[in-house]
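Student: Chain by chain, the residues run as shown.
There are 2 protein chains.
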Amino acid sequence: MSSAVTNEVGEPPAELKSPKHWIIGDPLPTEHLEGQLLPKHLALPIFASDPLSSVAYAPQELLMILMVGGLAFLSFAPWVALAVIVLLVTVVASYRQLIRAYPSGGGDYEVAHRNLGEKAGLVVASALLVDYVMTVVVSVASGVDNIISAIPELNPFRVEIAVLFVIILAAVNLRGVSESSKAFAVPTYLFIGSVFVMVVVGLTRTVMGDPPVAESATYGVEPESLTQAGIILLLLRSFASGCSALTGVEAISNGVPAFRRPKVRNAQRTLVLMGGIAIILFAGLTAMALISQVHYAEVPCHLIGWAECDTEPQPSLMAQVAAATFGGSSIFFYVIQATTALVLLLAANTAFNGFPLLGSVLARDSYAPKSLSTRGDRLIYSNGVVILALAASVILVVFQANLTVLIQLYIIGVFVSFTLGQTGMVRHWLRELSLRRHPAGTAKRPPTRPDDDARPLSQGAILRALVINAVGAGMTAVVLLVVTITKFTHGAWIVFVMMPILFFLMMGVNRYYRDVEKEIEVDPTTTFGATGDHAIVLVGRMQKPTLKALDYAIAARHDSLEAVHVSIDEAATKKLKKDWVKQNIHVKLRILSSPYRDLSHPLIQYIKNRRQEHGSEVVTVYMPQYIVGHWWENLLHNHKARRIRQKLLLVHGVTVALVPWLLDSSDLIYGRRSRPLPGQDRRGEPVRAVPRRPITEPQGTGAGPKRGR
Amino acid sequence: MSSAVTNEVGEPPAELKSPKHWIIGDPLPTEHLEGQLLPKHLALPIFASDPLSSVAYAPQELLMILMVGGLAFLSFAPWVALAVIVLLVTVVASYRQLIRAYPSGGGDYEVAHRNLGEKAGLVVASALLVDYVMTVVVSVASGVDNIISAIPELNPFRVEIAVLFVIILAAVNLRGVSESSKAFAVPTYLFIGSVFVMVVVGLTRTVMGDPPVAESATYGVEPESLTQAGIILLLLRSFASGCSALTGVEAISNGVPAFRRPKVRNAQRTLVLMGGIAIILFAGLTAMALISQVHYAEVPCHLIGWAECDTEPQPSLMAQVAAATFGGSSIFFYVIQATTALVLLLAANTAFNGFPLLGSVLARDSYAPKSLSTRGDRLIYSNGVVILALAASVILVVFQANLTVLIQLYIIGVFVSFTLGQTGMVRHWLRELSLRRHPAGTAKRPPTRPDDDARPLSQGAILRALVINAVGAGMTAVVLLVVTITKFTHGAWIVFVMMPILFFLMMGVNRYYRDVEKEIEVDPTTTFGATGDHAIVLVGRMQKPTLKALDYAIAARHDSLEAVHVSIDEAATKKLKKDWVKQNIHVKLRILSSPYRDLSHPLIQYIKNRRQEHGSEVVTVYMPQYIVGHWWENLLHNHKARRIRQKLLLVHGVTVALVPWLLDSSDLIYGRRSRPLPGQDRRGEPVRAVPRRPITEPQGTGAGPKRGR
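Line by line, the protein sequences give chains A and B. Under full-length UniProt numbering, the first residue of the first sequence carries the number 1, and numbering increases by one thereafter. Under full-length UniProt numbering, the first residue of the second sequence carries the number 1, and numbering increases by one thereafter.
With the rest of the complex left out, here is chain A:
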């Protein structure tokens, strides 16, 4: 049997053997055929498109809020940006610890669940579910914004384009696409490279005494008059909006299993690298915006001196910096806008990957339908993609793809999961410490999974990790508070409505599974002991599937066997009786009359009467079942059979035996190729090859000339 297995999944994928692989190095030996794991240079773009792309909107939103108070407030900008960077450093440091402690890919959800209990875990889970929707929404909205900045003629179709992108992403993911392909890595590197070059060119020009000047530099800004409290609130709001730069940082902690060995070390290094790049890009872009005097207003017509404020779209900060640095019609300007839009769409795509991954973790813990944990159930998975796309589209339409409004809804979920995750980590380290002090004590150590590079930590290392996570938890908690206060009335309340709904749904699913588990548990008072064995073959017309069912029923040699036909049409019954004799079938054919043209009722009544006479007998009802090759054929078959089956299964003592009949078209299902499932790459799972060889047995075994299928 082992050789058969090797035959079917053991062939390395063709792409591993292609010559171009010497560019990115020989494929690593895989662990137990588990497929291709990610080297760092591919892991970075896959996990970093989400966090890095937030650089495209975070500086803009930060500066925009400040400018509500007038241009003078821009002097606060470096300090607010610095606060965001400090927070980013803290969060990256915190997640380095999390990766080491929980390398299984459960991320904040797992940490909160294990250390803070079920409810905290579910809060994180609902926050993340909302977060995935908002990742799609914000990334797409920002991407469209940058496209429109380059091609203003598209402005009237902003919402339409955004929804179109969501539909395209959904279609691509429904079709199946592997994230680990290099095509996905290119835009992220291009984005990092081109923004970096832009910042360097801009700074060089500034040092050389020729600083770039944005087109909006000459516009004034109508300041709102603010009280002292208003000023503080404005600074906090600006900080809260800038914090959108942190979204997506947690992605790597969910994807540790996909890294090459040593997994933890590689994931940590990639995280730090990503954090460094994010800081450079964020700081650089903010600096360049300040240097080139980009004036960006929440309400475009608050810009003094811009005549076309109500007809023309306001170009994004990224576009203004690019235009100031390279010139608004240079090829570099368009490269910057194109790569920005592309990386934002990739970021949206990550949500389509993360959603099923989280779903499978939730299903494993019985908070979501079990089917989500079974890889390869494309139907259920498709539902996830469709739901995500629908939710994102509705939000885009309702908020007219307005980035500034959408940002308000975004980062609540992110910081809920940050805070609870870090708090869970604090709890984790405290437990580790107490365990070390009282090795045989009462403190229960939560089970961690073994990893290749998990090594015992020194007490000092634990203390250091504890401090880092405590600082992280404290800071993210404060930011969560700030974000909630400053954004609640701006739309964030919607998030606070959605999260409890998701929370209670997941609770409900969990309680349901628990109840069923209890119900089907073996107990000593319930006994089984059926005796007697009767078989019925349900016969409609004299057709091959019926003959096959009859054949199987005869082969099973039941104590008694009869064929039953429910008569609806006089003529058809007469014909069947004639065919019965003609085919020389020796099984008794019983005709049940159905005055109301209903198939199942007379049959059920007959079985019930029979069982009343014969006691606890098992009645096996044989029914042919069509196996078809296309989904749409199911619309044309099996309905009557399915309804009868459903009703029969409600009758005591009945078991329904399905005898398959493969229609010609079903040959097609053998030819189906396996398609990658979203989230597969980040999970480190290979595509399970569906055997291409048809599942048929060698022809020589059977007797008789041409055998029925």
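Don't read these hints as lab results, they were simulated from the structure. In this text, all values refer to a predicted model and were calculated from it rather than measured experimentally. Where hints are given, some of them may not hold.
Since the list gives no way to pick out one identical chain from another, each pair is judged satisfied if it fits inside one copy or across any two copies.
Stated by the list, open to error - No more than 30 Å apart at the CA atoms, straight line, and that leaves these computed lysine-lysine pairs for DSS-like: (1) Lys582 - Lys119; (2) Lys40 - Lys640; (3) Lys588 - Lys518; (4) Lys647 - Lys574; (5) Lys119 - Lys647; (6) Lys574 - Lys544; (7) Lys544 - Lys370; (8) Lys370 - Lys582; (9) Lys518 - Lys544; (10) Lys40 - Lys608; (11) Lys544 - Lys608; (12) Lys370 - Lys577; (13) Lys182 - Lys370.
Use these hints to put chain B onto chain A, whose structure you have.
Tutor: Leaving out everything else, chain B in the frame of chain A:
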């Protein structure tokens, strides 16, 4: 057994016994418990809401087109209206013949199919399908128009209200509603009565020398300058729009089985009554509109002297006549508008009833999925309602619920089916004649179904019917030509795109069924002859459903029996082995290892290997199947089992035996009430009562203390 049957369907519905029934007469004795058939006074409103409601828009569209040429063209109005009335009389007379010849309820589709062949029948069917969608669209749009005429403040929400009504209709029909309830009869009678009173009052005032004057009487109309050809085209267009008064006339011919005996006579009388009422209302409304000088323009701002033409909605013709007759703020005005809107919504509802009815006829003839012909498959039926509602909503949104534009799409389908139906009738009578002349001749007589009052026709009667149908066919063909020419570029081309698509879909379904039929036909070269009988019980964990499956498998006494467990989790397998010993089960437990955490593959491999050794053996695989009480529970169960089952059914020689396990929640399905299905009343079918008694057997029969379900 007969007593059991009577117990379950024989109880007359409670409403038949209620005292209020003496108002509408005692319930008739039903024929073989076939349920309540419709008396004429209920049949009229049920079938007439569609044709009578068209009076609400036909005069308006007729006059509006005329006024494109200027007010002078109104002098043509009586003649155009007369042409419409003549056509209406002809069509009613034609359908009287059709009802007599084809009382089975197939209508134009059946007539065209039997007499003109398959393709003509399918053309009619696709025309009718389009027609149902447009009935919903036009009726709802006109209903909303009349609501807005009474409450102009709602004008900005025209499209939203229209879509809302479609959603409500869909929801009501998904939930299930019986059309025959008196609640449905009241609005139609109110509408007939109130419009009739309005016409009488208006005419009386005119005779008394005080004719009502519409608010738009003082407005002039900008005439378009027209060539001679243009004038003729305008008159034809006006006639074509007026022909919308004929829509729905065919409804009664589809509903003959729902009438009381003598069915044909009663249906014919109801048809003539309906035709008479339609003519009176149509002529009366047109006359009153001319007398009160309603000026209604296609483009509101072509009305000279109306200042608010671009801010205010133009009141419907019905509203203007009502306001002129009774005063715009009188209670009567609002009664007219309310009953008009209500009857239009009822007309839309008829499409939700007619759609599944046509579907079942098409399914019977293998042009639509068979499941549509099985009454009570609510799932499939729901799809029909949803598709109809979606199509109607899309059209309403695309055309902004603009009645004038929508009318253009409407009557094409109606006249296609009129023309082909009448042509089929001509063919029918010609055949009858030739049959009479050569009783033993070669002319094949299409089988007609026997009806209670079908009596042989005299040759004179046949000739008269032939002439009537020939005139009908000729006139409707001419009108179809006129409608196509005048409306093609105004949007009717869409209908000419949709109809072929539907046509080829139905053809495809038919060809598919034919091929499958051929494929499963018994032929002498395919033989069956399995020998050997092995049974496998698939065991996951030690739970009651597994024990029940095991119990059934033991009871069936197969030649050999084993339990098979696919091991995915070391610990779970160990626990199962222990439980196996503890439960003292004597069946051998075979453990298959699954290195790839896949359940089905090792199992299939094992069965295939076994069959390679044992030859053409039948392997019965027992699997527990959860039976649940709510649809949503299916989301939480059975997925793994379903996937394994699907794969097993592809393996040679395997039959899958489903052993049901009823979860506690499944008790609920016993309590479900049957709901009426749309189209039920017009078909003359009773609601098939689902037995309220739980399908359980008496407790005393089994052995053992508490038995597993």
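Student: Evaluate each hint against the coordinates.
Tutor: Now for the hints, and whether the structure bears them out:
no. : hint            : result
1   : Lys582 - Lys119 : neither (69 Å within a copy, 37 Å between copies)
2   : Lys40 - Lys640  : neither (55 Å within a copy, 35 Å between copies)
3   : Lys588 - Lys518 : between (44 Å within a copy, 27 Å between copies)
4   : Lys647 - Lys574 : within (27 Å within a copy, 37 Å between copies)
5   : Lys119 - Lys647 : neither (40 Å within a copy, 38 Å between copies)
6   : Lys574 - Lys544 : within (18 Å within a copy, 44 Å between copies)
7   : Lys544 - Lys370 : between (38 Å within a copy, 19 Å between copies)
8   : Lys370 - Lys582 : between (50 Å within a copy, 28 Å between copies)
9   : Lys518 - Lys544 : between (44 Å within a copy, 10 Å between copies)
10  : Lys40 - Lys608  : neither (66 Å within a copy, 43 Å between copies)
11  : Lys544 - Lys608 : both (29 Å within a copy, 23 Å between copies)
12  : Lys370 - Lys577 : between (47 Å within a copy, 24 Å between copies)
13  : Lys182 - Lys370 : neither (33 Å within a copy, 48 Å between copies)
When the structure is compared with the earlier hints, violations turn up for hints 1, 2, 5, 10, 13 and for no others.
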